[in-house]
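Trainee: Chains as they are written, first to last, in numbering that gives the first Met the number 0: chain A, 0 to 279; chain B, 0 to 358; chain C, 0 to 182.
Any given hint could be a false lead.
[As the list claims (entries may be wrong)] In silico negatives: residues of chain B with every beta carbon more than 10 Å from chain C:
| hint | residue |
| --- | --- |
| 1 | P32 |
| 2 | R44 |
| 3 | Q177 |
| 4 | E180 |
| 5 | A204 |
| 6 | G211 |
| 7 | I233 |
| 8 | Q234 |
| 9 | Y247 |
| 10 | Y257 |
| 11 | S264 |
| 12 | T296 |
| 13 | A298 |
[Unchecked claim] Which chain B residues stay away from chain A? Per the calculated CB distances, all over 10 Å, these:
| hint | residue |
| --- | --- |
| 14 | V5 |
| 15 | T192 |
| 16 | E194 |
| 17 | P201 |
| 18 | R232 |
| 19 | V327 |
[To be verified] Under the rule of at most 30 Å between Cα atoms (straight-line distance), these lysine-lysine pairs were calculated in the BS3-like manner:
| hint | chain 1 | residue 1 | chain 2 | residue 2 |
| --- | --- | --- | --- | --- |
| 20 | C | K152 | B | K181 |
| 21 | C | K148 | C | K138 |
| 22 | C | K136 | B | K181 |
| 23 | B | K282 | C | K138 |
| 24 | B | K2 | C | K85 |
To be clear, the hints were calculated from the coordinates, so they are not data collected in a lab. Only a predicted model underlies this, so the values are computations on that prediction, with no experimental measurement involved. Using N, Cα and C, we set each Cβ at its ideal position, and we do this for glycine too.
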Amino acid sequence: MTREDIIKPENLVYKRTPVLTDATMHYCPGCGHGVVHRIIAEVIEEMGIQDNVIGISPVGCSVLAYNYFDVDFVEAAHGRAPACASAIKRLRPETFVFSYQGDGDLASIGCGEVVHACNRGENITMIFINNGIYGMTGGQMAPTTLEGMETVTCPYGRDPKIMGHTMRLTEMLAQLPGTYYVTRQAVYTPAAARKCKKAIRQAFENQKLNKGVSFVEVTSNCNSGWKMTPVQANKWMEENTLKYFPLGDMKVDGKFDPKFIERVGTFDQPNETIFSLRKK
Amino acid sequence: MAKQLVLMKGNQAIAEAAIRCGCDGYFGYPITPQSEVLEHLMAERPYLTTGMVVLQAESELASINMVYAGAAAGKRVMTSSSSPGFSLMQEGLSYIAGAELPALCVNVVRGGPGLGTIQPSQSDYFQTTKGGGHGDYRLITLAPASVQEMYDFVELGFDLAFKYRNPVAILSDGVIGQVMEKVMVDDYKPRWTNEYIEENCPWAATGHRSTGKHRIVTSLELEALKQEAINDRIQAKYRKCEEEDARYEAIQCDDAEYIFVAYGSAARICMKSVELARAEGIKVGLIRPITLWPFPTKAVKEIGSRMKKILSVEMNAGQMIEDVKLAVDCNIPVEHYGRYGGVIPTPVEILDALKKMIK
Amino acid sequence: MTEEIIIAGFGGQGVLSMGKILAYAGIMQDKEVSWLPSYGPEMRGGTSNVTVILSDERICSPYLNQFDTAIILNQQSMDKFESAVKPGGLLIYDPNGITHHPTRKDINIYQVAAADKASELGISKLFNMIVLGGFLKVKPLVTPEMLHKGLEKSLPERHHHLIPKNEEAVEIGKGLLTPYHTI
Ligand SMILES: Cc1ncc(C[n+]2csc(CCOP(=O)(O)OP(=O)(O)O)c2C)c(N)n1
Ligand code: SF4
Ligand SMILES: [Mg+2]
Chain A
0 MTREDIIKPE NLVYKRTPVL TDATMHYCPG CGHGVVHRII AEVIEEMGIQ
50 DNVIGISPVG CSVLAYNYFD VDFVEAAHGR APACASAIKR LRPETFVFSY
100 QGDGDLASIG CGEVVHACNR GENITMIFIN NGIYGMTGGQ MAPTTLEGME
150 TVTCPYGRDP KIMGHTMRLT EMLAQLPGTY YVTRQAVYTP AAARKCKKAI
200 RQAFENQKLN KGVSFVEVTS NCNSGWKMTP VQANKWMEEN TLKYFPLGDM
250 KVDGKFDPKF IERVGTFDQP NETIFSLRKK
Chain B
0 MAKQLVLMKG NQAIAEAAIR CGCDGYFGYP ITPQSEVLEH LMAERPYLTT
50 GMVVLQAESE LASINMVYAG AAAGKRVMTS SSSPGFSLMQ EGLSYIAGAE
100 LPALCVNVVR GGPGLGTIQP SQSDYFQTTK GGGHGDYRLI TLAPASVQEM
150 YDFVELGFDL AFKYRNPVAI LSDGVIGQVM EKVMVDDYKP RWTNEYIEEN
200 CPWAATGHRS TGKHRIVTSL ELEALKQEAI NDRIQAKYRK CEEEDARYEA
250 IQCDDAEYIF VAYGSAARIC MKSVELARAE GIKVGLIRPI TLWPFPTKAV
300 KEIGSRMKKI LSVEMNAGQM IEDVKLAVDC NIPVEHYGRY GGVIPTPVEI
350 LDALKKMIK
Chain C
0 MTEEIIIAGF GGQGVLSMGK ILAYAGIMQD KEVSWLPSYG PEMRGGTSNV
50 TVILSDERIC SPYLNQFDTA IILNQQSMDK FESAVKPGGL LIYDPNGITH
100 HPTRKDINIY QVAAADKASE LGISKLFNMI VLGGFLKVKP LVTPEMLHKG
150 LEKSLPERHH HLIPKNEEAV EIGKGLLTPY HTI
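Excised from the complex, chain A in its bound form (with noise of 0.2 Å):
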């Protein structure tokens, strides 16, 4: 068999989205950036928006996902995607707009404009990339680093006594009234990314209701940051950061999961740590 009998369009199982460019992505191999791009590029193409669409990217590894989507894109400040994403939505409502950050660039840096676009309910759909670390700039502390966890600025693992909680900035803003849509999904594997990618769908189609912001946060790896091979650090945030950032939905059409109710009703221990990776 030559190679021109197997490249026939019978035979073909799977291609690449048109939504995605040809540019090689500059992620390191195992990253989870890649393949949420590709989850959204496929939703954006199944949902033919691919010419009614605005991405927001942020300063973080992900600062280039415009050269890897064939959609319009704005490159926002550090932190700021919301806002820019709030205006952009305002000012051109029949198209839909989508922020994309990571954990430093929306938990710290941009916590305020996050917040903000939550509370006012923007129509837009949020996502929102969790790795625990800032892995741009070279494996920092991110307010989403697990306690215990080692960074090179928590060399010696995170002290919550000096460094803060590990931040669920996501519960917090289920508990916005402006958030619509709020889940915590995953792509390390394939069950999961399936699941993720039904979770982004729903977040671009409520854009149609006007009701308020969906979010999806992905709880992801940085194999850099962390000092693992891929799937060493897909291991290691099933045994570690998924205690502590469990997968499923907060908030769907408006209303609290009950699941996410009952687990909110056992955080009222004062300073309770819920998961730590510190030896005590």
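Starting from the known structure of chain A, arrange chains B and C with the ligands on it as the hints suggest.
Mentor: Just chains B and C with the ligands, lined up with the frame of chain A:
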């Protein structure tokens, strides 16, 4: 432990100097190419030894306001960042100058505008020396050209900040931040005691009304005439600073017919160009401003006026050249040579620019 | 004496640490030193290089575009830095992975087949020290004693038991050095 010779990066030297000169607090946010400042501090953990506070803030906006408040309480506090982060700090710097507080801010400059590049640049000269924030204020600006100066200027910066009760900037760049060189580090100096601050910083809000009068730190004055008087006082400090604290280094200027004026890493590269030019028989020297504000106007005027031509070499599109021209009252031709956007000029390139200017 | 060196290869080949050991050894020998790395996220798995200068005088520019010596460990770096060696200068490279060998006739060129040797001996972590050995054979800028002291300074204490292994690798490199083109 006495003085010690170590090999370290410019960014690490900033951190090490802070610990050793008795700095009370550092507040900062990661950004390339200066993240090693915070990383070195977090690895050294001075809060366990000297008691210095180190905190990774949530943003540069938070960092500079932590510095503002720490200074208001009479403590020796500092932050560091690179260009985009330093832009975010401008409001805070204006408040620090307005409230007449001492503070130290390090900018390890990268190429702009906007997110730009992470490669070295000197494109923040205007922002730093002409007042990047609002209001009539100046940042006393030190421009280190070696890792040793990165180290030395931390203590010098604090001294100047307290002498004038004004913010001081160390304007560095990616080359000096990232390069490793030999540094002679000092013995640890103790931090100021609260009693010392109480005695020597009567303006500080220490929480103890020891003078019998409450102390208010503010930059607000609603009455224009009073605000003008405050500005007069601030301007008088600036005149004094121009008089007493302008610094520079003159290299091979005595027999020179031409000079380069360059600071920081551009000055280092020019030193090599001077060497190359002199090997070809071109009599060129170098004036290296060490303070960018106050600019060493007198020195540039005096030395520059003896020259046939002056070449201002900068890693930007031509910013310091304005101060050089003002210094020589435009009596001597001044030209600019620069590379920007993160490109570093090479010694040979600068030599070629010099030859072109001479022709 | 001033020696201006560029060491260039892939990230992970130990380019930066080789430069650091050389710089420390230089300090031990009372020289002025400068070590300037390329930096930033594009270094991720990509190319990495460091400019090292050892001198008896104050060092002018830490950033250079012409070098007395280029130590080259991959093709991209060969493409970039072969032309940056000063006439009469030195180029040392590991032929592993090199498809276009250097062609200059006005410089001295040597090969050190360090990658093959390192994998043969199962010491791939010491690859960079083998290369360093090749360089020190041509230009004995630092004495073995000073190199030893340099290693003590640049390696964390918990790795000090590995110093003899590092020194052995340097000796292996000296033995591997083969002239490719000399003037
Ligand atoms: C005002 C400002 N401060 C700091 C930076 C430096 N910086 C760039 S990306 C980044 C953090 C990125 O982390 P995250 O958002 O978690 O994204 P990741 O790379 O992990 O995907 C920082 C601090 C900047 N570009 N601008
Ligand atoms: S550094 Fe981390 S977040 Fe960035 S591309 Fe690599 S794995 Fe992904
Ligand atoms: Mg992150």
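Trainee: Does each hint hold? Answer for all of them.
Mentor: Status of the hints after comparison with the structure:
1. P32: 6 Å, violated
2. R44: The claim holds: R44 (chain B) sits with its nearest Cβ about 16 Å from chain C, beyond 10 Å.
3. Q177: 5 Å, violated
4. E180: Incorrect as stated: the minimum Cβ-Cβ distance to chain C is 5 Å, not above 10 Å.
5. A204: At roughly 41 Å from the nearest Cβ of chain C, A204 (chain B) sits farther out than 10 Å, so the non-interface label holds.
6. G211: 54 Å, holds
7. I233: At about 38 Å from chain C, I233 (chain B) clears the 10 Å cut-off, so the statement holds.
8. Q234: At about 39 Å from chain C, Q234 (chain B) clears the 10 Å cut-off, so the statement holds.
9. Y247: 17 Å, holds
10. Y257: The claim holds: Y257 (chain B) sits with its nearest Cβ about 17 Å from chain C, beyond 10 Å.
11. S264: S264 (chain B) is in fact no farther than 10 Å from some Cβ atom of chain C, at 7 Å.
12. T296: At about 26 Å from chain C, T296 (chain B) clears the 10 Å cut-off, so the statement holds.
13. A298: 21 Å, holds
14. V5: Since the minimum Cβ distance to chain A is about 19 Å, V5 (chain B) lies beyond 10 Å and the statement holds.
15. T192: 23 Å, holds
16. E194: 27 Å, holds
17. P201: Given that every Cβ of chain A is farther than 10 Å from that of P201 (chain B), nearest at about 32 Å, it holds.
18. R232: 35 Å, holds
19. V327: 39 Å, holds
20. C:K152 with B:K181: 13 Å, holds
21. C:K148 with C:K138: Distance ~18 Å between K148 (chain C) and K138 (chain C) Cα, so the pair holds.
22. C:K136 with B:K181: 26 Å, holds
23. B:K282 with C:K138: 34 Å, violated
24. B:K2 with C:K85: Outside the cut-off at roughly 38 Å; violated.
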